[in-house]
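Trainee: These are the residues of each chain, in order.
6 protein chains.
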Amino acid sequence: MFPGAGEQIDAMVSPRIAQIPTFARLPFTRDPDPRVTSGVFLGVPFDGGVTYYSGARLGPTYIRIESRLLRPYNHALKIYPFKVLGAVDYGDIDVIPTSVEKTLNSIEETIRDLDSKGITPFIAGGDHSISLGVLRGLSRHKPILIHFDSHLDYWDQYWGGERYTHGTWVKRAIEEGIVSSVVQIGIRGPQYSEEDLKFPEKSPVPLTIITMDEVAYYGVTWLTSRLKSLKGKIYVSIDIDVVDPAFAPGTGTREVGGFTPRELISILRSLSEAEVEMVGIDVVEVSPPLDHTGITSLLAANLIYEAMSVKAVQTARKNLIQMS
Amino acid sequence: MFPGAGEQIDAMVSPRIAQIPTFARLPFTRDPDPRVTSGVFLGVPFDGGVTYYSGARLGPTYIRIESRLLRPYNHALKIYPFKVLGAVDYGDIDVIPTSVEKTLNSIEETIRDLDSKGITPFIAGGDHSISLGVLRGLSRHKPILIHFDSHLDYWDQYWGGERYTHGTWVKRAIEEGIVSSVVQIGIRGPQYSEEDLKFPEKSPVPLTIITMDEVAYYGVTWLTSRLKSLKGKIYVSIDIDVVDPAFAPGTGTREVGGFTPRELISILRSLSEAEVEMVGIDVVEVSPPLDHTGITSLLAANLIYEAMSVKAVQTARKNLIQMS
Amino acid sequence: MFPGAGEQIDAMVSPRIAQIPTFARLPFTRDPDPRVTSGVFLGVPFDGGVTYYSGARLGPTYIRIESRLLRPYNHALKIYPFKVLGAVDYGDIDVIPTSVEKTLNSIEETIRDLDSKGITPFIAGGDHSISLGVLRGLSRHKPILIHFDSHLDYWDQYWGGERYTHGTWVKRAIEEGIVSSVVQIGIRGPQYSEEDLKFPEKSPVPLTIITMDEVAYYGVTWLTSRLKSLKGKIYVSIDIDVVDPAFAPGTGTREVGGFTPRELISILRSLSEAEVEMVGIDVVEVSPPLDHTGITSLLAANLIYEAMSVKAVQTARKNLIQMS
Amino acid sequence: MFPGAGEQIDAMVSPRIAQIPTFARLPFTRDPDPRVTSGVFLGVPFDGGVTYYSGARLGPTYIRIESRLLRPYNHALKIYPFKVLGAVDYGDIDVIPTSVEKTLNSIEETIRDLDSKGITPFIAGGDHSISLGVLRGLSRHKPILIHFDSHLDYWDQYWGGERYTHGTWVKRAIEEGIVSSVVQIGIRGPQYSEEDLKFPEKSPVPLTIITMDEVAYYGVTWLTSRLKSLKGKIYVSIDIDVVDPAFAPGTGTREVGGFTPRELISILRSLSEAEVEMVGIDVVEVSPPLDHTGITSLLAANLIYEAMSVKAVQTARKNLIQMS
Amino acid sequence: MFPGAGEQIDAMVSPRIAQIPTFARLPFTRDPDPRVTSGVFLGVPFDGGVTYYSGARLGPTYIRIESRLLRPYNHALKIYPFKVLGAVDYGDIDVIPTSVEKTLNSIEETIRDLDSKGITPFIAGGDHSISLGVLRGLSRHKPILIHFDSHLDYWDQYWGGERYTHGTWVKRAIEEGIVSSVVQIGIRGPQYSEEDLKFPEKSPVPLTIITMDEVAYYGVTWLTSRLKSLKGKIYVSIDIDVVDPAFAPGTGTREVGGFTPRELISILRSLSEAEVEMVGIDVVEVSPPLDHTGITSLLAANLIYEAMSVKAVQTARKNLIQMS
Amino acid sequence: MFPGAGEQIDAMVSPRIAQIPTFARLPFTRDPDPRVTSGVFLGVPFDGGVTYYSGARLGPTYIRIESRLLRPYNHALKIYPFKVLGAVDYGDIDVIPTSVEKTLNSIEETIRDLDSKGITPFIAGGDHSISLGVLRGLSRHKPILIHFDSHLDYWDQYWGGERYTHGTWVKRAIEEGIVSSVVQIGIRGPQYSEEDLKFPEKSPVPLTIITMDEVAYYGVTWLTSRLKSLKGKIYVSIDIDVVDPAFAPGTGTREVGGFTPRELISILRSLSEAEVEMVGIDVVEVSPPLDHTGITSLLAANLIYEAMSVKAVQTARKNLIQMS
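Residue numbers (my numbering), protein chains in the order written: chain A, 1 to 324; chain B, 325 to 648; chain C, 649 to 972; chain D, 973 to 1296; chain E, 1297 to 1620; chain F, 1621 to 1944.
In short, the hints are calculated from the structure, not lab data.
The C-beta atom is built at its ideal place from N, Cα and C for all residues, glycine as well.
Careful, some of the hints might be misleading.
[Unchecked claim] To be clear about the criterion: a stretch of chain D counts as covered by chain B if any three or more of its residues have a C-beta under 8 Å from a C-beta of chain B, and this derived list gives those stretches:
no., region
1, 1031 to 1039
2, 1055 to 1066
[To be verified] Taking lysine-lysine pairs in the DSBU-like style, the calculated list, with each CA pair at most 35 Å apart, reads:
no., chain 1, residue 1, chain 2, residue 2
3, F, K1818, E, K1374
4, E, K1498, D, K1055
5, A, K318, A, K142
6, F, K1822, E, K1379
7, A, K171, F, K1722
8, A, K202, A, K228
9, C, K846, B, K407
10, A, K318, B, K522
In isolation and in its complexed conformation, chain A is listed as follows (with noise of 0.2 Å):
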């Protein structure tokens, strides 16, 4: 019944709502072989940088069990993701729940040994606050950063000095110099004043908004055709609410009027068609108790599952490439 890498429980011989569930029924291993696996699951369950409300640290526990549905074969981008990457479930980040800096750390620490050996995470959170961590992880690669959000993420800090925390993290990820430029995409909602989408003018490395009214506005396809046109390293970021929250009830700053899946789907595969190369990805905030019909956890795994289809593709074009 077990698989190796990259294969997934076979679902005609045990039935889907059986086993233990690891991401995608993929096999659990703390120990991923490099020369077989370029890309693992991993989760980081951790909350503790959240200035609203609580209850993401539960994400990958309930992204696991939802991803129980997800099949080997993307038809829209014609791969076979879990097979391409020889995709595990690397497991949890053993995270401190009481401290954001501490667990930065950790994270910090496990993605850069992942990223020493070749590996490529796909990460579920946790909140956004540990996106830091990946980043300082995947430092050597300084890549842009590809950010969904309905939100800018980007203030200094909160409550007389919190530096750390789900709000800031952008901000310390330009001014540790760990990113090369910023694309925010599906900014929306009440801001504190209007300053606040007037920080490109003033972040050291270049950054653009995307408002989600731009995007209404331009349509899908003009938002696609830039992001086509990307080239190097890139990180995704995926806020959850970024979505609008009739699909994703269950995350803890909630906007209204923001992306259908279908729109985020489509603008997730479109990176496949650019000349970049996917350094790492997150899906972050998904909050399970505030999701009582379990479909934000069920977008998140669709979601990395599209992010690994998208570096399947890239994955095997590049084999192509050499092998040529």
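Use these hints to put chains B, C, D, E and F onto chain A, whose structure you have.
Mentor: Same frame as chain A, but now just chains B, C, D, E and F:
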């Protein structure tokens, strides 16, 4: 207070929260009079054919509750569906919860009996395996199967030999020669393999797959144009998971990125313009235990209402022709 | 910590999950100073006028909770609504839960008093019957009623003589001569009869019905163009069920196939470009017991925010004109 | 499949999840035959008399659904309640949702009619104001009122003159001279003042208050001994909030620290040993929107079943006496 | 991080919300070493044998999640159950969702294999039909069946011939001669007829029924005294509906008035004082879709823990005797 | 409408569903007058110290909502708690969500200030780590800590050095010398090791553990007798998980088999007969996202009410003594 066939309890007299919930507050009878009744609602509370989450056996119970809001006149199609069909609530089929095959026999028998009297069944499932029983009962029509779903339901068997499940009924229906052709609409999500969407090539009857991606790309109007050109007898089977999980969380095998109800209803209504005769219709896979706020049952009730309206338009047109 | 009129408790000092939840964390006062305050939030926790599911009496409680996420600056309209209006939370009207008519009197009195001081009410219901009380309180303006709803609410009476319900208030308002004309937007779903949509022909004041089907067919831009050409005083009444049940499950009389929040918000914002004066606005029929994840209350809070922003734009424009 | 009065649809033939849910799967009739039927279930879907959370209008709908599990034989009381009573489901009274007083009239009329035919009503509310209408309909009996509740419901009026609410019906019933005495059981929770529990001193009819604290202190057996010594005609009214919120979360005015169902059922059963004649009974204040898992409706269905059993024991005993 | 048999992932190192949820965070293995492991957790995710609400197939998934809180030491029984048993999580049996009989075969085979290695199964269902498969696998022991349930499960067949369901397994087990006697504890609720509780008279093996009413009347101590006097091999089967619905809402066939967990756990623990050998145990009928807050799964996890503790006490005692 | 200290908004004038929800509808003030106010409600919306499920930061918000049912007179204790204490709602402490230690400082400061004015705090958490801050603020009293909980909270540290969590605060309080002795009531569930319940032997201050099993065995009266003999200053800290999950599902670390509210309230009330001075009290670990029907918040509100009543009895007695 108690109405005749095709009439609802008057909400202006008896509030909609009152009285035992029959479908749309129509009269219940196990013995409809074919002289006045040409369409009945009936439930098939069976979920013994599911491969993933169970719960659809409660569909008829909750669809009836949410159907209490339905009113007599369909403004979009300019028709009084209940009146035209002399509609009644026939109650539920006595399924055998522990046996798919015996249940299929029960369904077949009831449907054949109704059909022989010229009464069209409008069915609330239950899981999708029940559609095979219905099609058997309607076998003399050998209709075109219009199948709305996110899944193909075209597998041969599960778990070493299970041939009758909600994932195999389309294959069985084709094998048994009880459908003349198949149109599958809304297919999406990960597949088992690249072979999956090549089923049409091997099918002994014409089988067309229209994916959700295609509809999103070409537009709903492209699809409705195609449907309007259909000719002959049709059977419509709607797996509620063809709709996006935000609109239909209460179903067992959810796939993100589906139709919106606005889209699906306009597609369904387009059948009123085709030269077809609808010999039956089902809405299946509504699973109330996963539908915390009742919106999935509500949608199912409305889809049945729209289907009744389409049939009523066909009936009215036919009557007009016969009269002239 | 405690702010003046138009100012919110600072989330960078006191986290949004803290403190007694007033609307948008604005100061509460029963005695707003007309020199600084030209707009107030107030709740009308009444659901004694509903014909179907009750629960809307809890609307104000939960809308306040979800409103804690609102921030000062509306980027889309380039305005600080709370600051411009000197907004405060006025608390709730002391309704009489067992009497529609006494409650209407209470509402009328409070609204008339606020209006006489030049203070615009931004109201959270409660069921739709309350809008009649508000319109009576604003009768000196005799505004155009912009009515967003999936239902016409234009019936004469229910159950042998009940004239004051959430389904009759539009008819009453017209009869009482307190609105100059009516525009109904979003109408959909089954009707009682083909006569229903012919109400405009019989109405003593101009009455326009714009169905959801029409908006879907002609496009949102078609609708906003029409709204931008409005002139005069307007009162906006939003039944949350104008939105699709996926986005607003928490309401009593849900109709599938409604607006998305993105559509509705862009329609609402278009009023900021019309030469109109908004004399009041309500968002009604939010029923928290049916809103398990809070997204309906969240949406209602945002709609009130957008309406305040529209009013603030009008106010700012007027001030500009007066200054020049 | 369809049974006669006093008989249920056979669950060994038609599974309990099937068929339109009448109470306990008994036959529905609006015109019970007094020769075979001496007890009917009926619903009163009204919640216009509540002072706090609404929702009880949905009580009859959901109590019927959960009642499908009830079976013919009460082993504890050694009786077949449905058979002895020739029980049927009478449907619901056509309440006027917006008017307490008109609804009371409707109830009174129906109950008086049934009572005149010798048919005992077993009622599912609805809020507690409805009990006044029932008692009016039964006024010829002037019964002892056995009132299970955590609240006294003995206030004179609310909000400057509202005399008919779920908090005033006991006072009205005493004033109207339609009960001979009152026993209130389960009273607990905070009171308005120390005067509250002194009502008995001022009551024109004997009024006994037995608090939850007393039952907890003296024991359930102490209470049942007292009840067994009752003589004469009784009417039993059970506010489901007499039960602890853990067992009955689905009600509007919950008080912690109430009865367990085991306690309440044994108390109810003790009435079968008293020399009393039960002329009617209601279970009220079940509010399904607050009852996410259905256990409150299930409990209510069982309480009605036990009350029917008590009545059946009385009936059987009387028949025995008459025969001898 | 990863522990040996009988050891849990250390919560002081890896927070309990982290890592893939095996039962009690014990190691997962499909091939337990009989030299160190004498007890395993295993799941049977099957609900194809239910007559009423489905959903129990998700039991193992959610019981594992809630089991993460379990700690090593049972203070009441003074034992380390996991350590003594060298416990591991064996995963789930590959059930055939559409076939009771094939699933029973699967179960039997696995259980027989484990039993032949001297490994005791601690099972999470699944519906109650699965217990028949387990008992078949343990047939060499012909144990006393200690059956906790609110229902007798002793019917011959349903729906014209269905002999394998969750309501017939006790009768089948007796007929098949695989239990030596039966003790049923907690029986309550309405029965089909007065014959139901007379089953013992007709049973070919000794069958004792202890109703909930008897336990309530004579006291829990009366019951535990009886249980402590048991001798021989026992199999314990716990239908979670033996517990009151307030404590276990998440089950399909709820009966009001059941045990409290405090009662049930003290009853279970009393078996540690009897001269018996527990050859297996199951906790069945946990239906997560009906268990909105997870407390039913949590209770099931604790019941399995207590049963493991009882077994561990027996094992420790036996070892002591063998050593002496 | 707006009342003075110790007075509630009159529910007979303004319905309880109306107005911004302060605790028990008492007036809100950040600056209570010590001449009239000797007790305040305050919230501490912090859950950064939890080791398992988060969510308790929303405790104060939802406890306030459910507290609207509280009335002025406690019949059991014959006291008007709000009036005697001149109670007000002080609002919430401005916690620092991302830092336990800074939050502890904030709490300490506020509590010390209130205490210096002779005002007793009645606190709604937040997680249990906050109690350490409160005890620090009350350090001049060095009270006996009466600790209701299913867990010991006496660990030294978590995850390699985290000393301030909801599982370590009792140990810290003892180490810091701010409590004179500790009584722990309700301890149950699995432990880490047999050493756990031997903490008292090593504790530098007297520490008594009373397990749930002991209370169940010896009876509640045995416990209340012991509590009535207490003398001196006490601080009462109630982890809501001391109550059984059926009554308090909304908490993060549930243990089956706990107190019923009836038991806990009678225990709490017994303190009114002891010669003690209550210097403060908290109810913590209420996690609304896990409390779907609000009963946990309701229970917490009632526990605070009973604690206020105990304090009021003490105050009244003291005043009586002073007067005499």
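Trainee: The structure should be examined with respect to each hint, and the outcome stated for every one.
Mentor: Results of checking the hints against the structure:
Counting residues of the region 1031 to 1039 of chain D whose CB falls under 8 Å from any CB of chain B gives 4; the rule of at least 3 is met. Residues of the region 1055 to 1066 of chain D lying with their CB closer than 8 Å to a CB of chain B number 5, which satisfies the three-residue condition for coverage. Annotation: proposed proximity of F/K1818 to E/K1374 holds, straight-line Cα distance about 13 Å (limit 35 Å). Taking the CA atoms of E/K1498 and D/K1055, the gap is about 26 Å. The hint holds against a cut of 35 Å.
As the CA atoms of A/K318 and A/K142 are separated by approximately 20 Å, the hinted pair is consistent with the 35 Å bound. Note on F/K1822 and E/K1379: the hinted pairing holds, with a Cα-Cα distance of about 26 Å set against a maximum of 35 Å. Restraint check for A/K171 and F/K1722: satisfied, since their Cα atoms lie roughly 23 Å apart, inside the 35 Å limit. Among the hinted pairs, A/K202 with A/K228 is consistent with the structure: their alpha-carbon atoms are about 26 Å apart, no more than 35 Å.
Under the criterion of a C-alpha separation no larger than 35 Å, the hint pairing C/K846 with B/K407 is consistent with the structure, at around 21 Å. Only pairs whose Cα atoms come within 35 Å are accepted, and A/K318 paired with B/K522 is accepted, the gap being roughly 28 Å.
Hint violations for this structure: none, all hints satisfied.
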